[in-house]
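Produce the complete structure using the sequences and hints provided.
Protein chains in written order, with our numbering: chain W, 79 to 209; chain S, 79 to 209; chain D, 79 to 209; chain U, 79 to 209.
Since the hints were made in silico from the structure, they are not lab data. Note that CB positions come from ideal geometry on N, CA and C, so glycine has one too. Misleading hints may appear alongside valid ones.
[As the list claims (entries may be wrong)] Here are the computed distance ranges between Cβ atoms for each label pair:
no.: 1; chain 1: D; residue 1: S203; chain 2: W; residue 2: S202; range: 47 to 53 Å
no.: 2; chain 1: U; residue 1: R200; chain 2: W; residue 2: G176; range: 49 to 55 Å
no.: 3; chain 1: S; residue 1: D150; chain 2: D; residue 2: A105; range: 21 to 27 Å
no.: 4; chain 1: D; residue 1: A156; chain 2: U; residue 2: E208; range: 18 to 24 Å
no.: 5; chain 1: D; residue 1: R108; chain 2: U; residue 2: H185; range: 19 to 25 Å
no.: 6; chain 1: U; residue 1: T189; chain 2: W; residue 2: R200; range: 47 to 53 Å
no.: 7; chain 1: W; residue 1: V196; chain 2: U; residue 2: V196; range: 50 to 56 Å
no.: 8; chain 1: D; residue 1: A142; chain 2: U; residue 2: N193; range: 30 to 36 Å
no.: 9; chain 1: S; residue 1: S104; chain 2: U; residue 2: E208; range: 30 to 36 Å
The residues making up each chain are set out below.
There are 4 protein chains.
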Amino acid sequence: MPESNELTKPSPSRLVDVDGLARALSAFARERNWEQFHSPKNLVMALTGEVGELSELFQWMTEADSRVACSDPQRAQAVGDELADVLLYLVRLADVLGVDLNAAAVHKLETNAANYPVAKARGSSKKYTEI
Amino acid sequence: MPESNELTKPSPSRLVDVDGLARALSAFARERNWEQFHSPKNLVMALTGEVGELSELFQWMTEADSRVACSDPQRAQAVGDELADVLLYLVRLADVLGVDLNAAAVHKLETNAANYPVAKARGSSKKYTEI
Amino acid sequence: MPESNELTKPSPSRLVDVDGLARALSAFARERNWEQFHSPKNLVMALTGEVGELSELFQWMTEADSRVACSDPQRAQAVGDELADVLLYLVRLADVLGVDLNAAAVHKLETNAANYPVAKARGSSKKYTEI
Amino acid sequence: MPESNELTKPSPSRLVDVDGLARALSAFARERNWEQFHSPKNLVMALTGEVGELSELFQWMTEADSRVACSDPQRAQAVGDELADVLLYLVRLADVLGVDLNAAAVHKLETNAANYPVAKARGSSKKYTEI
Numbered sequence: 079m080p081e082s083n084e085l086t087k088p089s090p091s092r093l094v095d096v097d098g099l100a101r102a103l104s105a106f107a108r109e110r111n112w113e114q115f116h117s118p119k120n121l122v123m124a125l126t127g128e129v130g131e132l133s134e135l136f137q138w139m140t141e142a143d144s145r146v147a148c149s150d151p152q153r154a155q156a157v158g159d160e161l162a163d164v165l166l167y168l169v170r171l172a173d174v175l176g177v178d179l180n181a182a183a184v185h186k187l188e189t190n191a192a193n194y195p196v197a198k199a200r201g202s203s204k205k206y207t208e209i
Numbered sequence: 079m080p081e082s083n084e085l086t087k088p089s090p091s092r093l094v095d096v097d098g099l100a101r102a103l104s105a106f107a108r109e110r111n112w113e114q115f116h117s118p119k120n121l122v123m124a125l126t127g128e129v130g131e132l133s134e135l136f137q138w139m140t141e142a143d144s145r146v147a148c149s150d151p152q153r154a155q156a157v158g159d160e161l162a163d164v165l166l167y168l169v170r171l172a173d174v175l176g177v178d179l180n181a182a183a184v185h186k187l188e189t190n191a192a193n194y195p196v197a198k199a200r201g202s203s204k205k206y207t208e209i
Numbered sequence: 079m080p081e082s083n084e085l086t087k088p089s090p091s092r093l094v095d096v097d098g099l100a101r102a103l104s105a106f107a108r109e110r111n112w113e114q115f116h117s118p119k120n121l122v123m124a125l126t127g128e129v130g131e132l133s134e135l136f137q138w139m140t141e142a143d144s145r146v147a148c149s150d151p152q153r154a155q156a157v158g159d160e161l162a163d164v165l166l167y168l169v170r171l172a173d174v175l176g177v178d179l180n181a182a183a184v185h186k187l188e189t190n191a192a193n194y195p196v197a198k199a200r201g202s203s204k205k206y207t208e209i
Numbered sequence: 079m080p081e082s083n084e085l086t087k088p089s090p091s092r093l094v095d096v097d098g099l100a101r102a103l104s105a106f107a108r109e110r111n112w113e114q115f116h117s118p119k120n121l122v123m124a125l126t127g128e129v130g131e132l133s134e135l136f137q138w139m140t141e142a143d144s145r146v147a148c149s150d151p152q153r154a155q156a157v158g159d160e161l162a163d164v165l166l167y168l169v170r171l172a173d174v175l176g177v178d179l180n181a182a183a184v185h186k187l188e189t190n191a192a193n194y195p196v197a198k199a200r201g202s203s204k205k206y207t208e209i
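Rendered as structure tokens:
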């Protein structure tokens, strides 16, 4: 029965839904007359800045410490804020570019599955061009 | 009537839904025994790499050119792929950290609204600490 | 006469000299027992953080504004500080990795000259793989 | 005796000398009519791209592995190339901005020494605002 299949297995075309955030950010920018600043080029730089801040939170942690970074409530808040900043600029950037992030993610997952077959990629951190 | 309100105004608690993608990425990593590599520290570095690739696509464009970057189908594909790469690592990172990206985005939008009141921020690209 | 040649044409083996800074940073780290934190991996993340801060200074500027960014003394100071931060981590990183930055720069200039012959690259911002 | 002093203690005003590289890069750009592309804003994005490539080399390494990354000749070459790319864009950026990297580095070292006194910073990776 295809119907039950559709219920139990999520459609690959619904991996993410960022429409609500895209609309909220668009309204936020429009109200402040910020559309003039939100060129894709500028937004890529703003995204870079936020990834830099995220990187600063983790730069001196060991990998082991990074795995429990959010066990401390204060740090969890800081990490969540930086992740949100990255997400906000990413969604805004995709929106002004007219890119459908869900379709892009679906396509990329398919590419990754083709590039990294389980048999070859298992337990290896090598790039697909090297496996 | 709260009901009609709920219909016309999207709840702020549903800005993004990335659960499907998070599950797909978790399964992808588990099948390949990649969980050992996916420490938050490593994933932040991988995210940095993808933002670098995105930056390379836009580095020599003028702002005006960047606004129409996706009018060329080949470049639209390249841009979509890089945006997807950023999204994939961001969602994976939030997942291994146990961060709820929707809650983090909601919180950040509230902070931004407080930091950038329309009356003060209108038409200005200054940081909130300077306005 | 090789002597006059040496006077008029700078030797390619002396493009940069960062030894003084490398020594100063090494002593700075040793005095503070920071060598434990200065793994190349961590230093790459610290470098990322500083490039992010640099990016934040320029993200909302037009290209034209960026060309005169240092005409304002206060901004010149901020820009100089961020450039220095990037330089410090880059030199420290090369030092702990045992990479000779001058030799690496000489080699890279030669590669670039081969990849971008004047006749083909003139006036074009395309990557060498596309020209 | 000032002479012996000059021999044993390097002058703080000569931490780095990047003039040769700056001149080489300026000539390289001028010959290719690339000055039009080399706005500081664009160069910051190019620098971001190179730091991203550097990050990709280290993203899946453990810290311990990163410390010996250059013991493998092929990887040493790849790492040296990426470090050189970062250096080239950094020096070019400082040059078009008119920033004296040596003076900026001297100033930053002084700031760091004031922010991180040995007694307080010893063995700690905390930011100066937290110690």
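These are the hints, each one checked on the structure:
1. D/S203 <-> W/S202: 47 to 53 Å: violated, 36 Å
2. U/R200 <-> W/G176: 49 to 55 Å: holds, 53 Å
3. S/D150 <-> D/A105: 21 to 27 Å: violated, 52 Å
4. D/A156 <-> U/E208: 18 to 24 Å: At roughly 22 Å between Cβ atoms, U/E208 and D/A156 fall inside 18 to 24 Å, so the hint holds.
5. D/R108 <-> U/H185: 19 to 25 Å: Once the Cβ atoms are compared, 22 Å apart, the range 19 to 25 Å for U/H185 and D/R108 holds.
6. U/T189 <-> W/R200: 47 to 53 Å: For W/R200 against U/T189, whose Cβ atoms are near 49 Å apart, the range 47 to 53 Å holds.
7. W/V196 <-> U/V196: 50 to 56 Å: At roughly 52 Å between Cβ atoms, U/V196 and W/V196 fall inside 50 to 56 Å, so the hint holds.
8. D/A142 <-> U/N193: 30 to 36 Å: holds, 35 Å
9. S/S104 <-> U/E208: 30 to 36 Å: Given about 34 Å between the Cβ atoms, the range holds.
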